[in-house]
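Protein chains in written order, with our numbering: chain F, 103 to 542; chain W, 2 to 161.
Heads up, a few of these hints could be off.
What the hints assert, rightly or not - As a list, the in silico DSS-like pairs of lysine-lysine whose alpha-carbon atoms are at most 27 Å apart:
hint, chain 1, residue 1, chain 2, residue 2
1, F, Lys250, W, Lys19
2, W, Lys102, F, Lys174
3, F, Lys265, W, Lys104
Unchecked claim - The following label-pair restraints were derived from C-beta to C-beta distances:
hint, chain 1, residue 1, chain 2, residue 2, range
4, W, Glu15, F, Lys234, 43 to 51 Å
5, W, Pro22, F, Asn127, 48 to 56 Å
6, F, Lys234, W, Lys48, 52 to 60 Å
7, W, Pro22, F, Arg508, 34 to 42 Å
8, W, Tyr95, F, Lys234, 46 to 54 Å
9, F, Lys234, W, Asp3, 35 to 43 Å
10, F, Gly399, W, Asp140, 41 to 49 Å
11, F, Lys468, W, Asp140, 39 to 47 Å
12, F, Glu409, W, Glu15, 51 to 59 Å
Honestly, the hints are just simulated from the structure, not real lab data.
Here a beta-carbon is modelled for each residue, glycine too, at the ideal position from N, C-alpha and C.
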Amino acid sequence: MEKILLPDIKDLHLIDVYIANGGYNAAKKALSQTSDEIIDQVKKSGLRGRGGAAFLTGLKWSFMPKTTDKPKYLCINGDESEPGSFKDRQIFEFNPHQMIEGAIITCFAIGAKTAYIYIRGEYHKWIKLLQKAIDDAYANGYLGEKMKETFGIEFTCDLFIHKGAGAYICGEESSLMNSLEGKRGYPRVKPPFPASNGLWGCPTTINNVETIANVPSIIKNGWEWFSKIGHPKHPGTLLFGVSGHVNNPGVYELPSGTLLTDIIYKYAGGVPNNKNILCVIPGGSSMPPLRGDKLEGVKMDAESLKEVGSAIGTGGIIVMDEDTDLVKVLARIAHFYHHESCGQCTPCREGTGWLEKILKRIIAGKGSTSDLDLLITVANQIEGNTICALGEAAAWPVKFMVDRFRDYFEKRVSKEVSLPVANKVHSMRETAFPLADVKN
Amino acid sequence: MDFKFTQSNLDRIEQETKKYPVRKPAVMAALYIAQEQNGFISSEVMKAVAEVLGITAEEVLGVVTFYTMYHQKQMGKYHIQVCTNVSCMLRGGYDIWDQVKNKFGIDHMGVTDDKQFSLEEVECMGSCGTAPMIAINEDYYENLTKEKVEEILSSLGSAV
Numbered sequence: 103m104e105k106i107l108l109p110d111i112k113d114l115h116l117i118d119v120y121i122a123n124g125g126y127n128a129a130k131k132a133l134s135q136t137s138d139e140i141i142d143q144v145k146k147s148g149l150r151g152r153g154g155a156a157f158l159t160g161l162k163w164s165f166m167p168k169t170t171d172k173p174k175y176l177c178i179n180g181d182e183s184e185p186g187s188f189k190d191r192q193i194f195e196f197n198p199h200q201m202i203e204g205a206i207i208t209c210f211a212i213g214a215k216t217a218y219i220y221i222r223g224e225y226h227k228w229i230k231l232l233q234k235a236i237d238d239a240y241a242n243g244y245l246g247e248k249m250k251e252t253f254g255i256e257f258t259c260d261l262f263i264h265k266g267a268g269a270y271i272c273g274e275e276s277s278l279m280n281s282l283e284g285k286r287g288y289p290r291v292k293p294p295f296p297a298s299n300g301l302w303g304c305p306t307t308i309n310n311v312e313t314i315a316n317v318p319s320i321i322k323n324g325w326e327w328f329s330k331i332g333h334p335k336h337p338g339t340l341l342f343g344v345s346g347h348v349n350n351p352g353v354y355e356l357p358s359g360t361l362l363t364d365i366i367y368k369y370a371g372g373v374p375n376n377k378n379i380l381c382v383i384p385g386g387s388s389m390p391p392l393r394g395d396k397l398e399g400v401k402m403d404a405e406s407l408k409e410v411g412s413a414i415g416t417g418g419i420i421v422m423d424e425d426t427d428l429v430k431v432l433a434r435i436a437h438f439y440h441h442e443s444c445g446q447c448t449p450c451r452e453g454t455g456w457l458e459k460i461l462k463r464i465i466a467g468k469g470s471t472s473d474l475d476l477l478i479t480v481a482n483q484i485e486g487n488t489i490c491a492l493g494e495a496a497a498w499p500v501k502f503m504v505d506r507f508r509d510y511f512e513k514r515v516s517k518e519v520s521l522p523v524a525n526k527v528h529s530m531r532e533t534a535f536p537l538a539d540v541k542n
Numbered sequence: 002m003d004f005k006f007t008q009s010n011l012d013r014i015e016q017e018t019k020k021y022p023v024r025k026p027a028v029m030a031a032l033y034i035a036q037e038q039n040g041f042i043s044s045e046v047m048k049a050v051a052e053v054l055g056i057t058a059e060e061v062l063g064v065v066t067f068y069t070m071y072h073q074k075q076m077g078k079y080h081i082q083v084c085t086n087v088s089c090m091l092r093g094g095y096d097i098w099d100q101v102k103n104k105f106g107i108d109h110m111g112v113t114d115d116k117q118f119s120l121e122e123v124e125c126m127g128s129c130g131t132a133p134m135i136a137i138n139e140d141y142y143e144n145l146t147k148e149k150v151e152e153i154l155s156s157l158g159s160a161v
């Protein structure tokens, strides 16, 4: 199987090696076309965003206004802060020029003269590696003023790194823009969407690192070629990051739609000591977990995972063997989202804290069956009631893990209600404001 | 305590501002530079950053308190960050957390008396495939075992 993003070519991170392997030819090809032609090819290729939402990339680009007096911007999201994802750093380290080339093509297609790549602050090493690649691209005339000479057209663009400083929420696109503007990373209310009102109020497109790195191959090999790889509705290869209880954790580039069991057993070497799998989170810690006894036939692409009640997310697969303490795992996940909640929306700020507290109560042996229902109720009250998707990210693992592993969780709680008052107040409030009515 | 940016650091900040159409976004880079020079972000530092960028000290404070990588107190010469998030947890992240905690007798965000070591329990660092991990200052140490951690910590300085 051909690898698009992380091919097995030695020293591909060096610009000379990249060029010797046909690098920057896609940019030359693209920049001799019109922006509409490029957007059309990306649309037809079926490329979908690799950052979690799997939105159609070409469609997103087409939202950018054609006529505007304002400058346009491209933001590349390399925050990579979802627990279980560690794929973008592979691109920074092993194939940075392909992402830079993708950024050049994207800038040209959407009419942006400046692109920012937002990288999490902890990635000191990878920031240095990417900066070196960017410097080399400038020196070789692929970025900046020299582009006019290289490509023979009146178009230039610049690429800058903006270093984050340790906030999960900055991976959310509107929060990322606020952080890039030098503010607290609070998510913004949408609409207005970034394409009309993004960075400094100007039209902005935000794509994930992996998405952008896919663009040159589509231009080079044609949209038809790309659309035939993997699942037809979510084509291309995906970088699957496998972690947790597997023999060979790591990033595996495979066609979308690859069987989850193949990824775990064939590529990641199976579970240590041949233990059974209790639970798998298929797309980074915020995605609904799957039961280990229901992995047969599960395919790893956006559409197939939707059918089994989960989502592809960032393709970060976390495997847990039969001896894992799921309550502790869930409490750890709940702690993470509580810690990372920006605090703007009450349901998330308070709800995430309660999820963590209730789970810790269960770990302390003081949980009751009603706590399990309470967890789901709190999660439901967060979901859909917040400005950004961190609400869902916090609610989904709790809601779906408790629901899908009810038998497991029930063994950890007693049937007696330990905190009747709190639960009573809660249930009264629910009767007073039935959820369905509020939502309508 | 007074704080003044060195000329070379002022130049670095100036360079950062050139990336953006306005000066404010350079606040994040300026704070890193300030932290490097001063060791931590004091209110004097915030005032200096605000002045350089033409924004208010409150705006700078807002940024400092939002992000975990800006420290408002002096951390150790070696700032040890241990990830205990899911993927690390499944591969022994908490064992390493306890090991480091016990070795230095400090807890989350604690600093040893000699200011040599400080400890932080961090959220996912993107090393899930090479878990468990710790980071010391800017460097990642991955695929760890308790023995390897002991070795790394012992190599840090005679103070251990």
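Checked hints:
1. F/Lys250 / W/Lys19: 21 Å, holds
2. W/Lys102 / F/Lys174: 49 Å, violated
3. F/Lys265 / W/Lys104: 32 Å, violated
4. W/Glu15 / F/Lys234: 43 to 51 Å: 22 Å, violated
5. W/Pro22 / F/Asn127: 48 to 56 Å: Given range 48 to 56 Å: violated, Cβ gap about 32 Å.
6. F/Lys234 / W/Lys48: 52 to 60 Å: 35 Å, violated
7. W/Pro22 / F/Arg508: 34 to 42 Å: 53 Å, violated
8. W/Tyr95 / F/Lys234: 46 to 54 Å: 36 Å, violated
9. F/Lys234 / W/Asp3: 35 to 43 Å: Holds - the Cβ-Cβ distance for F/Lys234 and W/Asp3, about 37 Å, lies within 35 to 43 Å.
10. F/Gly399 / W/Asp140: 41 to 49 Å: 43 Å, holds
11. F/Lys468 / W/Asp140: 39 to 47 Å: For F/Lys468 and W/Asp140 the Cβ distance comes to about 41 Å; the hint holds.
12. F/Glu409 / W/Glu15: 51 to 59 Å: 54 Å, holds
When each numbered hint is compared with the structure, violations occur for hints 2, 3, 4, 5, 6, 7 and 8.
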